[in-house]
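Chain H: place on chain Z using the hints.
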Amino acid sequence: MNDPVSFATEFHPSSSPIFFVELAILTLLVITSIAMLRMRRLFGVVMLSGIYSFLSAAFFVALDAVDVAFTEAAVGAGISTVLMLSAMLLTARREKPYAPGHAALAAVVCVIVGGALIYATLDAPPYGDAAAPANSYVGQAYVDRSVVEISMPNIVTTVLASYRSFDTMGEVAVIFTAALAVMLLLGIGSDRGGKEVRDVPRLVGREEEAQDLSGKPNLDDGGKAPSPKGGAS
Amino acid sequence: MMGHLILRVVIKLLFAPILLFGLYVQFHGDYGPGGGFQAGVIFASAFILFALGFGIKETQKRLPPTVLPFFMVFGLLLYALTGVLGLFMGGNFLDYYVLAPDSHHNAGQHIGILLVEFGVGVAVFSAMMTIFYFFAGREPEIHDADW
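Residue numbers (my numbering), protein chains in the order written: chain Z, 1 to 233; chain H, 1001 to 1147.
You may find that some hints are simply not true.
Covered stretches of chain H (chain Z as the covering partner; in silico rule of three or more C-beta atoms under 8 Å from a C-beta of chain Z) [stated by the list, open to error]:
1) 1077 to 1087
2) 1107 to 1120
In silico negatives: residues of chain H with every beta carbon more than 12 Å from chain Z [stated by the list, open to error]:
3) L1005
4) V1009
5) V1010
6) P1017
7) L1023
8) I1131
Just so you know, these hints were derived from the structure itself, not from any lab. From a predicted model like this one, the values you see are computed outputs, not experimental measurements. From the three backbone atoms N, C-alpha and C, an ideal C-beta is built for every residue, glycine too.
Okay, chain Z solo, but in the shape it has when bound:
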């Protein structure tokens, strides 16, 4: 806390060379998102979302947030891309053609929300401001005290696992619950994760038609697949 004001006046983010790197990354982020909006092939959209995550990770590195960049690269670019790919395999490969509907209303909502967000950023402290509330009170306290109290070089870990340990336990519980929900939704009882499975469309009163649909070879594992007669009543 040795005179944050003088530090703030010395630090000119717009004149440092990293500023241009950040500008380039942000431009690429905008281009990627526009390309994602315009692309109709979902495979390409998934790949672009992976690229978006990698660009975000690069941006976080430029902001000196290495831990966040690490997480973004691993989760956003790695796991999410694979999960989106496997989710895409369960649905169509192409996005449905755009149906004009409430375009005017949507545009109005977008402009209002976007304008409000831009207006809100005008009140935010400038980037890199050492006197900003996020950098001065509790954040500064963590930086000052964690060396003495925990003596670990990585302050992010001390905040995550010690100062805010209770929050992190909640996060682990959230991930646990997410996996549990996926297990319950996608069928834990039949333990069919990994086995060929074919969801028979449940057509009440039209069993014969449903049988025709499920009669594809190699996929019907001999009556184990849920029968249309069994469920809905």
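For chain H alone, coordinates are given in the frame of chain Z:
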């Protein structure tokens, strides 16, 4: 089944180093970037990479989906019980100082953070693998036409 030969060889070469890197991120998180979350995801990504190259059945032979719920519960419980251990040793919930009260260099904090991060890593790894198995297991293979 012998398509993508180069991919498979590369995946086999990369598999062990990715696991090693995951362990490094897990246990070096106190000193460098990383921690349980990242390590769990990296560990899971090694197996997911294997599944992309060799199919989900081969992966499930190596890492059966039935053990994953136990890992998930173990990770979460390791975290919570570390907190309860603090209670039993006379401190608050998730108070690590009481784990090594006589230490002059905060060894209790180090032990606590190590245990807790290990719990996070195990839980995240098994949760990611569970989600992947249940999503990808519904469609046996990625057909070449889909690429």
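For this session: Determine whether the non-interface label on L1023/H survives the test: each CB of chain Z must be over 12 Å from its CB.
Result: holds, 14 Å
Problem set entry | Within 8 Å of chain Z (C-beta), three or more residues of the segment 1107 to 1120 of chain H | holds (count 8)
Exercise. Was V1010/H rightly flagged as not at the interface, with every chain Z Cβ beyond 12 Å?
Worked result: V1010/H is indeed farther than 12 Å from all Cβ atoms of chain Z, at 16 Å.
Problem set entry | Status of I1131/H, Cβ more than 12 Å from any chain Z Cβ | violated, 5 Å
Problem set entry | Least C-beta distance between L1005/H and chain Z, which was stated to exceed 12 Å | Correct as stated: the minimum Cβ-Cβ distance to chain Z is 21 Å, above 12 Å.
Problem set entry | Interface-negative label, P1017/H against chain Z, beta-carbon threshold 12 Å | P1017/H clear of chain Z: closest Cβ-Cβ about 15 Å, beyond 12 Å.
Problem set entry | Coverage of the segment 1077 to 1087 of chain H by chain Z (three or more Cβ within 8 Å) | Three-residue rule met by the segment 1077 to 1087 of chain H, so holds; n is 3.
Exercise. Is the nearest Cβ of chain Z still more than 12 Å from the Cβ of V1009/H?
Worked result: It holds; V1009/H is separated from chain Z by about 20 Å at its closest Cβ, greater than 12 Å.
This entry does not satisfy hint 8, going by the numbered hints stated previously; all others are met.
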